[in-house]
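Visitor: Protein chains in written order, with the numbering used here: chain A, 1 to 203; chain B, 204 to 572.
There's no promise every hint is true.
Here are the simulated DSS-like pairs of lysine-lysine, each with C-alpha atoms no more than 27 Å apart in a straight line [as the list claims (entries may be wrong)]:
hint: 1; chain 1: B; residue 1: 440; chain 2: B; residue 2: 481
hint: 2; chain 1: A; residue 1: 144; chain 2: B; residue 2: 442
hint: 3; chain 1: B; residue 1: 442; chain 2: B; residue 2: 427
hint: 4; chain 1: A; residue 1: 84; chain 2: A; residue 2: 105
hint: 5; chain 1: B; residue 1: 442; chain 2: B; residue 2: 555
hint: 6; chain 1: A; residue 1: 73; chain 2: A; residue 2: 84
hint: 7; chain 1: B; residue 1: 427; chain 2: A; residue 2: 144
hint: 8; chain 1: A; residue 1: 84; chain 2: A; residue 2: 144
hint: 9; chain 1: B; residue 1: 427; chain 2: B; residue 2: 481
hint: 10; chain 1: A; residue 1: 145; chain 2: B; residue 2: 427
hint: 11; chain 1: B; residue 1: 555; chain 2: A; residue 2: 120
hint: 12; chain 1: A; residue 1: 84; chain 2: A; residue 2: 120
To spell it out: a stretch of chain B is covered by chain A in this simulated footprint if at least three of its residues, at any positions, have a beta carbon under 8 Å from a beta carbon of chain A; those stretches are [as the list claims (entries may be wrong)]:
hint: 13; segment: 251-263
hint: 14; segment: 422-431
hint: 15; segment: 437-451
hint: 16; segment: 470-480
Don't read these hints as lab results, they were simulated from the structure. What you are looking at is a predicted structure, and each value in this text was computed from that prediction instead of being measured. All residues carry an ideal CB built from backbone N, CA and C; glycine is no exception.
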Amino acid sequence: MRNHKLALLGVAALTLTLATGCAQPPQQEIDALKAALASAEQAEAPKYAADAWNAAQAAMNSVNAEVEAQANKFALFRSYTRTKELITAANSAATEAQQAAAVGKETARNAANEAVAAAKAAVDSASALAAELAACRRQPKDFKKDMEAMRGSLDGLAAQVAGLENQLAAEDYFGAKSAADSLTASLEALSADMQAGKEKIRC
Amino acid sequence: MRIPRPAAGFRRRSFLFGALGLVVVASVAARSYEGGPGGPPYRPDRARDSVRRAVEALRPEVPAAARLLDRLVADAEVITAQERNRPVWRRSPGRAEAAWTRALSTAHRSLADLRRRQNVLQERWGAVAAVVGADVARALQESGEAGVGRREIAAAKQAQHKWALAQGYAAAGDPARALAEAEQARAFAATVRESYVALHARFSDPQNLRQWRRWVDEAVARSKRERTTVFVVDKLKRKLHVYANGHRVATYEAELGTKGLKRKLHSGDQATPEGHYKVTEVRGPGRTRYYKALMLDYPNAEDRARYAHGRRTGQVPLRAGIGSLIEIHGDGGLGRDWTDGCVALTNADMDKVFARARVGTPVTIVGTF
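Make a model of the complete structure from these sequences and hints.
Guide: Structural data, given as structure tokens:
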């Protein structure tokens, strides 16, 4: 009877040890989380979604801290339940950062494309105005000099469009947008001058 | 009364369970004890905030430094967690603090590097801005000069545009981009400058100067000898001088052809010719588009010889003639060169010049003298 009790106690202790003492950190989930963070970084989250990226980094740090906390506990007291919860939260944060980066990049790309398209449209519009002005029947005495200056200015501004295309190709969306906005403003000023010229000579 | 002693087996078991209980209690107490050889565990809240702010500042400018800090923070967080959860006897006092100090000092160093670099760029911008601003302003002015072509006007416009972009970036606190744009602005301005200098080189060429001075001396001597009036046009200074009996009696502001600083070679080049000419016809109001006009005998023999040479050497376009109808006329006073090669005066000045002119009055046009 006494031997029977001791045997039962031994089995219970062994089961408890196996159930808790051998708990291992969820390495697969941690690796998956690292991969998710790497994907977010590759999606340029630090550049296009800095806040979401910081949150994902902080979540990853919490996971690491929790893993270390559990690793330092006495084997019988280790539990990775909270670690898994933190991993889930960090995974969400990493996915969110990746998605926010994609959205941010897309927004920047669209804004840059729109600005470049507006600059190209302004070039076309100014070119059309220059052609109309050149075809004008009334040409005052200083007309040639003015036309030469306007065409030269138009040539100079139109030449900037190639630089915008290069910036877009290099994914420098913020730079392309500010350069395109500035170019559009210059072209609009030139068009306004040409329009005023047209009205002045009643073309 | 006698208390019965427990059996020996029971005493042994009680001792074992009691000892085990003591070990568990001691272990839990050791883990939850926040003090230790080095005092309470390090609290990294302030360091964490400082490093986070540094990362935010560094990320757009120096992403590599921000990534390094991210890694150092991750390491420091792990070490902090380890130290917090270790039993008292396994704790290393100052280890977590050292990890955060490492992150903090790296952040401070990176920020200092960034600020130093920004200061250097800012200083360079300050030095470059004054020079490039002046270059661009000069390019814009020079692109309006007679003889400077459409290519130079385009270059001046590009310089102006790049300069505006550079100033925008500088105002937005991005001196690196501002400097890059300013360098491009400077390159475009240099294109204009190069053409301008080439255009003006002939006005400082001693051989040309000697010839022009000789022409003027001849004209003045003729005026003195024949007791007559001669007109001398200085293209570079845009002046028309009137000489009577060998003395200069009046000077008027003049405007030239759109490319008036060049020497006329063929029709349509908008250049103003250089040489000895004479008035072939005087046209009053109603006989000219430009108020009053003195028709000149361009082309003279020298012009014809130069045109023929130009045809032979390919300097003259195939269908271009030598040109004609070079005049001194009114309707000037626009403040710039705008004619097709003629010399334009204000109507008031034209009245005075017209009053002194006759058919045959000599007109000498020179680069400068």
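Visitor: Does each hint fit the structure? Answer for all of them.
Guide: Do the hints match the structure? See the list:
| no. | hint | result |
| --- | --- | --- |
| 1 | 440/B with 481/B | 21 Å, holds |
| 2 | 144/A with 442/B | 23 Å, holds |
| 3 | 442/B with 427/B | 21 Å, holds |
| 4 | 84/A with 105/A | 31 Å, violated |
| 5 | 442/B with 555/B | 14 Å, holds |
| 6 | 73/A with 84/A | 17 Å, holds |
| 7 | 427/B with 144/A | 40 Å, violated |
| 8 | 84/A with 144/A | 78 Å, violated |
| 9 | 427/B with 481/B | 17 Å, holds |
| 10 | 145/A with 427/B | 39 Å, violated |
| 11 | 555/B with 120/A | 52 Å, violated |
| 12 | 84/A with 120/A | 53 Å, violated |
| 13 | 251-263 | holds (count 5) |
| 14 | 422-431 | violated (count 0) |
| 15 | 437-451 | violated (count 0) |
| 16 | 470-480 | violated (count 1) |
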